[in-house]
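Protein sequence lines correspond, in order, to chains P and F. The numbering of the first sequence is this note's numbering, which starts it at 609 and goes up by one. The numbering of the second sequence is this note's numbering, which starts it at 609 and goes up by one.
Heads up, a few of these hints could be off.
For chains that are exact copies, the list does not tell them apart, and a pair is met inside one copy or across any two.
Said to hold, decoys possible - Subject to a maximum C-alpha distance of 20 Å in a straight line, what follows is the list of computed SDA-like cross-link-like pairs (lysine to any residue): (1) Lys682 x Glu645; (2) Lys715 x Leu807; (3) Lys794 x Thr619; (4) Lys715 x Ala666; (5) Lys696 x Gly760; (6) Lys785 x Glu738; (7) Lys715 x Trp800; (8) Lys785 x Glu735; (9) Lys785 x Thr742; (10) Lys682 x Tyr815; (11) Lys785 x Arg739; (12) Lys785 x Phe769; (13) Lys776 x Val813; (14) Lys715 x Arg803; (15) Lys696 x Arg677; (16) Lys785 x Gly736; (17) Lys794 x Gly736; (18) Lys785 x Met665; (19) Lys696 x Asn667; (20) Lys715 x Gly681; (21) Lys715 x Val813; (22) Lys682 x Phe769; (23) Lys776 x Glu814; (24) Lys715 x Arg727; (25) Lys776 x Asp811; (26) Lys785 x Val813; (27) Lys696 x Asp770; (28) Lys715 x Val647.
Everything labelled a hint here was simulated from the structure, so no lab data went into it.
Single-letter residue listing:
Number of protein chains: 2
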Amino acid sequence: MTSTSQSQSPTDFLVITPADQELLFTAARTANSFSDEPVSDEQLYAITELVKWPPTMANTNPLRILFVRTQEGKDRLIPLMSEGNRAKTASAPVVAVLAADTDFHDKIPELFPMRPEMRESFVDDAEGRERQATFNGALQAGYFILGVRAAGLAAGPMLGFDAAGIDKEFFGDRAWKTILVVNIGKPGANPWFDRLPRLAHGDYVEYA
Amino acid sequence: MTSTSQSQSPTDFLVITPADQELLFTAARTANSFSDEPVSDEQLYAITELVKWPPTMANTNPLRILFVRTQEGKDRLIPLMSEGNRAKTASAPVVAVLAADTDFHDKIPELFPMRPEMRESFVDDAEGRERQATFNGALQAGYFILGVRAAGLAAGPMLGFDAAGIDKEFFGDRAWKTILVVNIGKPGANPWFDRLPRLAHGDYVEYA
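Okay, chain P solo, but in the shape it has when bound (with noise of 0.2 Å):
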């Protein structure tokens, strides 16, 4: 039996499972409530230790990842969210600050050891740094959403909070900017707001 083109789906022209192809991108979703399930230390150290490995400009790797998961950090982190944001934080069993450090430069030395010298550059441009600390920062954290659910949870990505103040609070003098917040555990009540429509291919794909 030969299949046809006409009896092929999108998902045929993948590789990985269609289990995993759900688990990660299509039947996911951000979620608003969640249980009192608790996530493990092992779990988190699984995560960390998955989406350290895609790519990132010159190897830099600026996403650095804060952990809150007990009650007094939940305390500190939670009057800095937005208040809409509030009762989801307080619910998730484990929450993750995501910061993009914008001294990464300091790093390449042994990060990049075939050219060091891209440190030096960097120096005097701190401009430059917090460009490419945020964009690689979000590239890691794209990683790291996908990577919460790989682990069979579920991740809520959140950008109302006071950055200034989570870095404060959290960073002392570290030059860690908070770029985004992550609920993780899994689902509780009525976890999902309905899907939300995507764009039609043609008005975000094109060829040339």
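Use these hints to put chain F onto chain P, whose structure you have.
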């Protein structure tokens, strides 16, 4: 027989298959040369249908994708790449130009129908539009790189190019700003550099 924590590895705490962990995250590498094996339109469509689902701020989905497949398209693109990126770009059967649409707010009534008025808040905020388009476009670029791998293809993301030149050459007077260029194909001869190190866990992960 009970398994003890000593016998467990991080991957035991993940739900996706070991083969898919390797394909997407741990064994995948950035390719620097490509074979002649073509990439089909069906593969490209499958990738875009897969990666359109993960989350963006208020479902704004600012990423735009230009797939350069023809020799004519490559001839227009290659001179706008940094010199060190030209040979590998020429060898890739498909090159994806990823752009952030800084007029993404015009799609808010379609994509976030419960709050169409959010569009208005961006009309006079060109700086905020650029920041959110770039950040959320970078999140989506992270999803895209893993989506290319999910189709069994190698991705070669590059940040060295004349962004304004590409925008003018391919996007005319639209507000699409190139943020990343990604070579796509099967790896060619000597496709990988040596694997580079990653930061020690304690150098980028903290707990509170």
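Results for each hint:
1. Lys682 x Glu645: within (17 Å within a copy, 52 Å between copies)
2. Lys715 x Leu807: Answer is between: at 9 Å across copies they meet the 20 Å cutoff, but 39 Å inside does not.
3. Lys794 x Thr619: between (27 Å within a copy, 19 Å between copies)
4. Lys715 x Ala666: within (11 Å within a copy, 34 Å between copies)
5. Lys696 x Gly760: within (19 Å within a copy, 37 Å between copies)
6. Lys785 x Glu738: both (9 Å within a copy, 18 Å between copies)
7. Lys715 x Trp800: Neither. Shortest intra-copy (40 Å) and inter-copy (22 Å) distances fail the 20 Å Cα cut-off.
8. Lys785 x Glu735: For Lys785 and Glu735, the Cα distance is within 20 Å both inside one copy (13 Å) and across copies (19 Å).
9. Lys785 x Thr742: both (8 Å within a copy, 16 Å between copies)
10. Lys682 x Tyr815: between (47 Å within a copy, 11 Å between copies)
11. Lys785 x Arg739: This pair counts as both: shortest intra-copy Cα distance 11 Å, inter-copy 15 Å.
12. Lys785 x Phe769: For Lys785 and Phe769, the Cα distance is within 20 Å only inside one copy (12 Å; across copies 27 Å).
13. Lys776 x Val813: between (41 Å within a copy, 17 Å between copies)
14. Lys715 x Arg803: between (41 Å within a copy, 16 Å between copies)
15. Lys696 x Arg677: Within one copy only: 14 Å inside a chain, 44 Å across chains, cut-off 20 Å.
16. Lys785 x Gly736: Intra 14 Å, inter 17 Å, cutoff 20 Å: intra and inter.
17. Lys794 x Gly736: neither (38 Å within a copy, 33 Å between copies)
18. Lys785 x Met665: Result: close both inside a copy and across copies, 18 Å intra and 18 Å inter.
19. Lys696 x Asn667: between (34 Å within a copy, 18 Å between copies)
20. Lys715 x Gly681: neither (28 Å within a copy, 38 Å between copies)
21. Lys715 x Val813: For Lys715 and Val813, only the inter-copy Cα distance (15 Å) is at most 20 Å; the intra-copy one is 37 Å.
22. Lys682 x Phe769: Close inside one copy (14 Å), not across copies (43 Å); limit 20 Å.
23. Lys776 x Glu814: Answer is between: at 15 Å across copies they meet the 20 Å cutoff, but 43 Å inside does not.
24. Lys715 x Arg727: within (8 Å within a copy, 40 Å between copies)
25. Lys776 x Asp811: between (41 Å within a copy, 19 Å between copies)
26. Lys785 x Val813: between (32 Å within a copy, 14 Å between copies)
27. Lys696 x Asp770: Within one copy only: 16 Å inside a chain, 42 Å across chains, cut-off 20 Å.
28. Lys715 x Val647: neither (31 Å within a copy, 37 Å between copies)
Hint violations for this structure: numbers 7, 17, 20, 28, all remaining hints satisfied.
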